[in-house]
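Novice: Chains A and B supply the protein sequences, listed in that same order.
Okay, so the first sequence: first residue is 1 according to my numbering, each after it adds one.
Okay, so the second sequence: first residue is 1 according to my numbering, each after it adds one.
Incorrect hints may appear among the rest.
Partial list, derived from the structure: chain B residues whose beta carbon lies under 8 Å from chain A [said to hold, decoys possible]:
no., residue
1, ARG15
2, ARG38
3, LEU53
4, THR55
5, GLY76
6, ILE78
7, PRO113
8, ILE144
The hints are simulated quantities; they were obtained by calculation from the structure and are not laboratory data.
None of these values were measured; they are calculated from a predicted model.
All residues carry an ideal CB built from backbone N, CA and C; glycine is no exception.
Number of protein chains: 2
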Amino acid sequence: MRWRSVAQVNCSVARTLAVIGERWTMLILREAFMGRRRFDEFQHNTGIARNILATRLRALAADGILQRARAAQRRGGIEYRLTKKGLELYPVMVAMLKWGDAWLWRADDERPPLQLMHRCCGAKVMPALVCPHCGDAVTARDMIAVPRRVATRHPGDEVRQGGSGEARH
Amino acid sequence: MRWRSVAQVNCSVARTLAVIGERWTMLILREAFMGRRRFDEFQHNTGIARNILATRLRALAADGILQRARAAQRRGGIEYRLTKKGLELYPVMVAMLKWGDAWLWRADDERPPLQLMHRCCGAKVMPALVCPHCGDAVTARDMIAVPRRVATRHPGDEVRQGGSGEARH
């Protein structure tokens, strides 16, 4: 299979990767989530080559993740703002940030430069993944993927996450 | 900046991308989270060329995300199992799945093939991102990134997520 075909695969993870899985794309979105909007800001803070940055911004606009608009201020330059679709990528960003914080800093390193704060309650915390039904914190071992079309569960329909079960997909 | 330098950047998102940001890598991890362990299973379910798959599996083992081991059963073939470090990438996977489900299926499409079920309470739900302090659901607009080294907050230290604030990084 070629990478380009991934967008057509019958799987939401694959389709998502086809949109945000190119090199640099998530770094551009990191900057967008930090409030950057202008080409030069993206370029300066990521160090991406200008031609690659231009290509990626065009793709993100075409995919409806960034909206290209003329700025009201800043002498009318072009801005790229996160759309609703783009803003909803925040959990992907937070999950990567959290994992990187936990696993990719050596003990003798400086600590990660940023921490997140919840504006409403003021706590300096990393958002956590919970079950919206019972409220319990959720890890890979706690979730099962089941085929959506099966209305009632039968033995063998379940697919254990991170386990050894054979999965239908 | 070259892509290879991204691993050295002073940012957890960039470092995470250096580990899982190659094409195909997250699709291999999707399979691992679905319980697949063998080279042929990964190959069959992702359609990745065998040489690329071999390279990616080697990298994931070198990065401590998959552990290579001889299987006790299955006639002693080689298996790749998620380590603790690998299992903790689950929130990244779930976030991508959720976003793909929400945004990448046309109305006239079939629905996404899988749904998640919380094993403990039985609810068919997507895990949600919440503040572990107050329990509220969290979106991009609710979080602020603040420099870790600043012990007390001063005006200008805050970086609005998805907002227009200038960010120090």
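Novice: Need the list of violated hint numbers for this structure, in ascending order.
Specialist: Checked against the structure, the hints that fail are numbers 2, 3, 4, 5 and 6, while the rest are satisfied.
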